[in-house]
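A.B. asks: Hey, can you work out the whole structure from these sequences and the hints?
For the record, the sequence lines run as chains S and X. At position 172 of the first sequence the residue is numbered 172 (our numbering), and the sequence of numbers has no breaks. At position 82 of the second sequence the residue is numbered 82 (our numbering), and the sequence of numbers has no breaks.
Treat the hints as calculated values from the structure; they're not laboratory data. Even glycine gets a Cβ: it sits at the ideal position worked out from N, Cα and C. A hint or two may mislead.
[Stated by the list, open to error] One-sided excerpt, in silico: chain X residues whose CB lies under 10 Å from chain S:
hint : residue
1    : Ser2
2    : Pro22
3    : Glu145
4    : Gly168
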Amino acid sequence: MTFETIGYQPVGAVVTITLKEQRLSPSVHRELYQAWKAFRYDPALQVAVLTGSGAVFCLGDSDPAYSLGRPGPEALGWWYEHYRVRESNVWKPVVLAVNGDCAASGMTFVGQADLVLCSDQATFSLPQVADGEVPWREVAYLADRLPLPALSRLALGGRRASLSASRAQALGLVQEVVPATDLVDRATARAEAIAAQSGDSVRAAAACLHLSRDLGYLDGLMMAFSVSDRYQAGRDSREGPIAFAEKRRAEWSAGEGAASST
Amino acid sequence: MSFETLLLSRQDGVATVTLNRPERLNALNGPMHKELFQVWQEIRADDTVRVVILTGAGDRAFCSGADMKERGEAYARGGTIERDRVNNTLVPRHLDLSGFPHQHSHHDVWKPLICAVNGICAGGGNAFVGDSDVVLAIEGIYFMEPHVSVGMVPAGEMQSFAGRVPWGILPWLAYLGRYNRLPVERAHQLGLVQEVLPRDRLMERAREIATRLASLDPVQLQRRKALLWQSRFHRLRDNLDFGAALARSGAGIVLNDV
Numbered sequence: 001m002t003f004e005t006i007g008y009q010p011v012g013a014v015v016t017i018t019l020k021e022q023r024l025s026p027s028v029h030r031e032l033y034q035a036w037k038a039f040r041y042d043p044a045l046q047v048a049v050l051t052g053s054g055a056v057f058c059l060g061d062s063d064p065a066y067s068l069g070r071p072g073p074e075a076l077g078w079w080y081e082h083y084r085v086r087e088s089n090v091w092k093p094v095v096l097a098v099n100g101d102c103a104a105s106g107m108t109f110v111g112q113a114d115l116v117l118c119s120d121q122a123t124f125s126l127p128q129v130a131d132g133e134v135p136w137r138e139v140a141y142l143a144d145r146l147p148l149p150a151l152s153r154l155a156l157g158g159r160r161a162s163l164s165a166s167r168a169q170a171l172g173l174v175q176e177v178v179p180a181t182d183l184v185d186r187a188t189a190r191a192e193a194i195a196a197q198s199g200d201s202v203r204a205a206a207a208c209l210h211l212s213r214d215l216g217y218l219d220g221l222m223m224a225f226s227v228s229d230r231y232q233a234g235r236d237s238r239e240g241p242i243a244f245a246e247k248r249r250a251e252w253s254a255g256e257g258a259a260s261s262t
Numbered sequence: 001m002s003f004e005t006l007l008l009s010r011q012d013g014v015a016t017v018t019l020n021r022p023e024r025l026n027a028l029n030g031p032m033h034k035e036l037f038q039v040w041q042e043i044r045a046d047d048t049v050r051v052v053i054l055t056g057a058g059d060r061a062f063c064s065g066a067d068m069k070e071r072g073e074a075y076a077r078g079g080t081i082e083r084d085r086v087n088n089t090l091v092p093r094h095l096d097l098s099g100f101p102h103q104h105s106h107h108d109v110w111k112p113l114i115c116a117v118n119g120i121c122a123g124g125g126n127a128f129v130g131d132s133d134v135v136l137a138i139e140g141i142y143f144m145e146p147h148v149s150v151g152m153v154p155a156g157e158m159q160s161f162a163g164r165v166p167w168g169i170l171p172w173l174a175y176l177g178r179y180n181r182l183p184v185e186r187a188h189q190l191g192l193v194q195e196v197l198p199r200d201r202l203m204e205r206a207r208e209i210a211t212r213l214a215s216l217d218p219v220q221l222q223r224r225k226a227l228l229w230q231s232r233f234h235r236l237r238d239n240l241d242f243g244a245a246l247a248r249s250g251a252g253i254v255l256n257d258v
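C.D. replies: Pasting the structure below:
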C-alpha cells in the first residue's frame with residue numbers, strides 16, 4: 001500500500017507505520033484509518049509498530065476543531081473516530097515507539113496503544129488548556145495509565161507541564177526507554193516476540209484487556225472469562241499445553257482468526 | 001483437615017497457607033485447585049482465624065501457575081482436566097466465580113490476605129498477588145505472564161492486576177509471554193509489591209503485619225476490607241453510597257496503619 005502522509009512497511013508479521021508529518025491533518029486521519037484497516041484484514045500481519053519522524057512523534061491535530069469530533073466538510077468526525085487503534089476495533093497489538101515530542105491528541109496514541117516504548121529524548125504533554133482547548137479524549141484514555149495527580153498536572157499545567165521519558169517510565173506510562181538510535185529496532189524486536197506467540201492467544205488477551213478497561217473488577221472478570229472461554233474452542237489452547245508437555249516448540253495455527261475482531 | 005498439595009497452620013489468629021508442590025515450582029494442578037477451594041471455605045468459617053498469610057514451599061518459586069505438564073499430558077491423551085470440567089459444567093463459568101477457585105476473594109473471605117512471595121511468580125500465580133491485601137516479596141525474583149507462550153489466555157490474572165499497576169503494564173506483561181519479566185524492584189516501584197525483603201526476613205515481616213492486624217477488632221477489620229474491595233468491584237458513586245452506609249453503621253473507613 002502506498003500513502004503520502006504515512007509510511008506503511010510490512011516485513012514478515014510486523015508492519016511499521018510511520019507518521020511523516022508532525023501534526024494530524026485530514027489527510028493523515030484518512031490514511032491512518034486506511035492503514036489500520038489494511039493491518040486488521042491482512043492475515044500475514046500480527047503486530048504493528050507506530051512511530052514518528054525526526055525529533056517529533058506527533059504534536060496533535062493541525063486544526064484543534066477536529067478533536068472536538070465535529071463532522072467537518074469532509075465528515076472529519078467520522079475519520080477521526082476511526083483512525084485510532086481501538087476505534088478501528090483492532091485487537092492485534094500495536095507497539096508505540098515514541099521517538100520524540102508527543103503532545104495533545106498525539107497522546108491518544110499513547111492512551112490506546114498496547115506497548116509504549118520511547119526514546120530517551122521523548123516528552124509527553126497535554127498543552128491544550130493553553131489554547132483554550134480541552135484534552136478530554138486524552139484524559140479519558142490516560143486515566144488508568146497514570147496516577148491521578150500526575151494526569152491532573154499534565155492536563156491542567158498546559159505547556160509548562162510535561163513528562164520526560166524517565167519520569168513517564170517511573171510512573172508506568174512508558175514500559176521501556178531506549179536510546180533514540182535503537183528505538184525502532186527494539187520496538188520491532190518486541191513486536192516480533194509478540195508475533196512468535198500464539199496469535200489467537202494474544203488477540204484474546206488483548207480483547208480481555210481492552211474490553212474490560214471500562215469495567216470494575218467483577219464485571220471485568222466476567223468479560224475476560226467470556227472472551228477466554230470462547231477462545232478455548234480454538235486449536236492453540238490444546239496445542240500449547242501439549243507442546244509444553246512434549247518439550248517441543250508449539251505450532252500455532254498461523255493466521256487463523258487473524259481478521260476476527262472477537 | 002489435611003491436604004495433599006497445601007499446608008495449613010493456625011496460630012494466634014493467623015492462618016498460614018503454603019502452596020506445597022516445590023518439586024513442580026508449586027504449580028496449580030487439579031488437586032491444588034480443589035484443595036484451595038476447600039481451604040478458603042474453611043478459613044472463612046473458622047472464627048479463630050482473623051488474618052491469612054499465603055506463601056510457597058521451597059526456595060525457587062512462589063507459584064509457577066497452572067501445571068502445564070499435567071494439562072498437556074491430559075490433552076495429548078485426548079482428555080480434559082479437572083479445571084475444564086469445573087469450568088464447563090453446572091453453570092457457565094462467567095456466572096459462577098467459584099469456577100476460578102484459587103482466589104480467596106471469590107469465596108467471600110474478607111479476612112486480610114498477606115501474600116509472601118518467596119520466589120518467582122508466573123501465570124496463575126499472579127492471581128494470588130492480585131487477590132491480596134498486602135504483597136511482600138523477596139529480593140532477586142521476578143513476575144512473569146507466560147500464558148500466550150503456551151496457547152492460553154491471561155484472563156483473571158491481568159484483571160486482578162488492573163488498578164494495581166498502571167494499565168500500560170498489563171499488555172506489556174501479557175503479550176510478551178515468556179520473553180518478558182517484571183523484576184521485583186520494578187514491581188515495587190509500580191506499587192504491585194509493597195515491601196521487598198531479604199529472604200530470611202520475609203516470613204518474619206509477614207507475621208509481624210499479620211499479628212498486628214489480628215489484634216484489631218475482627219468484625220471491624222472485615223468490614224474495612226469489604227469497603228476497600230468494594231471500590232475494586234464497583235464505580236465511584238456506588239463506593240460513596242456503600243461507604244456512607246458503612247460509616248452510618250459505625251465502621252471506620254480508614255485501615256489502621258500497620
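A.B. asks: Indicate, hint by hint, whether the structure satisfies it.
C.D. replies: For each hint, the structure was consulted:
no., hint, in the structure
1, Ser2, "violated, 29 Å"
2, Pro22, "violated, 20 Å"
3, Glu145, "holds, 9 Å"
4, Gly168, "holds, 5 Å"
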